[in-house]
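Asks: Protein chains in written order, with numbering that gives the first Met the number 0: chain P, 0 to 302; chain V, 0 to 302.
None of these hints come from the bench; they were simulated from the model. Check the hints yourself; a few may be wrong.
[Claimed, not checked] Partial pick of chain P residues on the chain V-facing surface, computed with a CB cut under 7 angstroms:
| hint | residue |
| --- | --- |
| 1 | Gly81 |
| 2 | Glu84 |
| 3 | Tyr85 |
| 4 | Glu179 |
| 5 | Ser181 |
| 6 | Tyr205 |
| 7 | Ser217 |
| 8 | Leu250 |
| 9 | Leu252 |
| 10 | Asn253 |
| 11 | Ile260 |
| 12 | Ala297 |
| 13 | Phe299 |
The structure displayed is predicted, hence computed values, not measured ones. We put the CB at the ideal spot given by N, CA and C, even for glycine.
Protein chains: 2
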Amino acid sequence: MTLLVIGTVALDTVSTPFGKIEEGLGGSATHFAVSASYFTPVHLVAVVGEDFPQKHLDFLSDRKINLEGIQKVIGKTFRWTGHYEYDLNNAQTLKTELNVLEAFDPQIPSACENLDFLFLANIDPDLQRKVIEKIKKRPRLIACDTMNFWIEGKRESLLQTLRLVDAVTINEGEARLLAEESNLLRASRIIQVMGPKTVVIKRGEYGALLFHAGQIFSAPGLPLEDIKDPTGAGDSFAGGFMGFLARSGNLSLNGFKQAMIFGSVMASFNVEAFSCDRLRNLRQEEISERYRIFRDLAHFDHP
Amino acid sequence: MTLLVIGTVALDTVSTPFGKIEEGLGGSATHFAVSASYFTPVHLVAVVGEDFPQKHLDFLSDRKINLEGIQKVIGKTFRWTGHYEYDLNNAQTLKTELNVLEAFDPQIPSACENLDFLFLANIDPDLQRKVIEKIKKRPRLIACDTMNFWIEGKRESLLQTLRLVDAVTINEGEARLLAEESNLLRASRIIQVMGPKTVVIKRGEYGALLFHAGQIFSAPGLPLEDIKDPTGAGDSFAGGFMGFLARSGNLSLNGFKQAMIFGSVMASFNVEAFSCDRLRNLRQEEISERYRIFRDLAHFDHP
Numbered sequence: 000m001t002l003l004v005i006g007t008v009a010l011d012t013v014s015t016p017f018g019k020i021e022e023g024l025g026g027s028a029t030h031f032a033v034s035a036s037y038f039t040p041v042h043l044v045a046v047v048g049e050d051f052p053q054k055h056l057d058f059l060s061d062r063k064i065n066l067e068g069i070q071k072v073i074g075k076t077f078r079w080t081g082h083y084e085y086d087l088n089n090a091q092t093l094k095t096e097l098n099v100l101e102a103f104d105p106q107i108p109s110a111c112e113n114l115d116f117l118f119l120a121n122i123d124p125d126l127q128r129k130v131i132e133k134i135k136k137r138p139r140l141i142a143c144d145t146m147n148f149w150i151e152g153k154r155e156s157l158l159q160t161l162r163l164v165d166a167v168t169i170n171e172g173e174a175r176l177l178a179e180e181s182n183l184l185r186a187s188r189i190i191q192v193m194g195p196k197t198v199v200i201k202r203g204e205y206g207a208l209l210f211h212a213g214q215i216f217s218a219p220g221l222p223l224e225d226i227k228d229p230t231g232a233g234d235s236f237a238g239g240f241m242g243f244l245a246r247s248g249n250l251s252l253n254g255f256k257q258a259m260i261f262g263s264v265m266a267s268f269n270v271e272a273f274s275c276d277r278l279r280n281l282r283q284e285e286i287s288e289r290y291r292i293f294r295d296l297a298h299f300d301h302p
Numbered sequence: 000m001t002l003l004v005i006g007t008v009a010l011d012t013v014s015t016p017f018g019k020i021e022e023g024l025g026g027s028a029t030h031f032a033v034s035a036s037y038f039t040p041v042h043l044v045a046v047v048g049e050d051f052p053q054k055h056l057d058f059l060s061d062r063k064i065n066l067e068g069i070q071k072v073i074g075k076t077f078r079w080t081g082h083y084e085y086d087l088n089n090a091q092t093l094k095t096e097l098n099v100l101e102a103f104d105p106q107i108p109s110a111c112e113n114l115d116f117l118f119l120a121n122i123d124p125d126l127q128r129k130v131i132e133k134i135k136k137r138p139r140l141i142a143c144d145t146m147n148f149w150i151e152g153k154r155e156s157l158l159q160t161l162r163l164v165d166a167v168t169i170n171e172g173e174a175r176l177l178a179e180e181s182n183l184l185r186a187s188r189i190i191q192v193m194g195p196k197t198v199v200i201k202r203g204e205y206g207a208l209l210f211h212a213g214q215i216f217s218a219p220g221l222p223l224e225d226i227k228d229p230t231g232a233g234d235s236f237a238g239g240f241m242g243f244l245a246r247s248g249n250l251s252l253n254g255f256k257q258a259m260i261f262g263s264v265m266a267s268f269n270v271e272a273f274s275c276d277r278l279r280n281l282r283q284e285e286i287s288e289r290y291r292i293f294r295d296l297a298h299f300d301h302p
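Looking at chain P on its own, in the form it has when it is part of the complex (with noise of 0.2 angstroms):
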């Protein structure tokens, strides 16, 4: 089934302890339809500067990425500069140039106005909203993602984004800020009440829950020996998990477990390497041979 995703497409320069990238290739919408290109056809919004590399494009459209929605306007590529420190769970943001993401007014490309899967990347929650407006049908899933900054600073223009959204992907720390609450049981319920009836916690490392038709399930973080950048993985998982629900068709309860396990693939192979070189040339093996990973890590008999 149709997904679009609408977000970033950034230039990131990032350093951990492993290493360091220049302007690789990154943001939001960028990690997100590479992953869920793994699972079903992708339509990527978003916008570009002059500068910004035809070789990232290429790469795109190679991984079959629709990119109609994609806009190259006068001006920079939005440029994310971030650190790392052993703590993987934090980026600390040393720069962000917006650029030409000021004006962006996103476009729905002609075939999406039947649209079955909509994500909303981390962006500002008025870009978000404007695309909802502008699709015709409304898709049978809406989901978003948001941070901190948009917490705080975008509060009211996000509460009514939320309103309009099935599902809501957001860290640990930004779900307890955005619902004022510490405990992450009353934290998703408070969420809910927002509008989105599934909520799926992100916990780095730990892996990630979902709160969905009264049930919780817990997807675990595989233990990985070699994290190179976590730069994405929030991305990566959501492009895993709506890929597969766009895939499968499937809203049920199991479908929504499977799709947790799939993003948390996605997310630990995307941390393997900077930027998501480790996504560019995936095998669907791997990501079958992983899946199992994730069942013997979680699944334990009777007693």
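Position chain V against the provided structure of chain P, taking the given hints into account.
Replies: Below, chain V without anything else, positioned relative to chain P:
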């Protein structure tokens, strides 16, 4: 099968954002023994002072815990005073009064000469080793716990103890400290080289990881609405873990996985009240029901 624990029996004064208890029943061996008593007969080896309330000994006896190994000596009982903020994963120690613990010379009850399972709860590694040396026939499984105080203050002695044990239960941060390695997967391998072939890493509300026989298992943390006091959660975990292993006698990977879940079940009850109050009158059906809740929390279908 026979299970013996050596560790501390204490009077704890604890405050959390949800309440306070003055001189409540505490200590590593207490929390362990009470939890394990739901699975198998337990022998408790510890020391208390003249001031130790008889009602606490009566409660332990009522739980069918064998107290032959408890020494009541002249002086005051070991006391710990601690505080937690909303981040319940981190205890602040306000005061530690060793008292009768300073001259403790553990004695093994005569009924325990053919011991099957031995747990060395958190206490001076010299004392842990003394117990191993006093036992005539090597038990089927020896496990120990420890903490940053001994890792930093008595490293050499702790390493000697670790060489003698089959399994260790240890907090995440303490595993990194002990192994001098921030990556948990590598840290667990380094600890395995120190002696224990089975490494259990406790992660508070995020659950626990088992490294055993070349495999990894992740026990989820159960999101709880009302957490009153995390004191003793790790010891209750170890009690459910060792108690179940001693009951089943099943030391296969599957047996260890089930033990991880029973440990998690008992820890999840323990944090719902101060001291070990939630574990005073637990029904077997409550334990079985929570085991099923963990199953629903962790299991997912094949895609």
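Asks: None of the hints should be skipped; say for each whether it holds.
Replies: Going through the hints against the structure:
no.: 1; hint: Gly81; verdict: violated (19 angstroms)
no.: 2; hint: Glu84; verdict: violated (10 angstroms)
no.: 3; hint: Tyr85; verdict: holds (5 angstroms)
no.: 4; hint: Glu179; verdict: violated (12 angstroms)
no.: 5; hint: Ser181; verdict: holds (5 angstroms)
no.: 6; hint: Tyr205; verdict: holds (4 angstroms)
no.: 7; hint: Ser217; verdict: holds (4 angstroms)
no.: 8; hint: Leu250; verdict: violated (14 angstroms)
no.: 9; hint: Leu252; verdict: violated (10 angstroms)
no.: 10; hint: Asn253; verdict: holds (5 angstroms)
no.: 11; hint: Ile260; verdict: holds (6 angstroms)
no.: 12; hint: Ala297; verdict: holds (5 angstroms)
no.: 13; hint: Phe299; verdict: holds (4 angstroms)
The earlier numbered hints that this structure contradicts are 1, 2, 4, 8 and 9.
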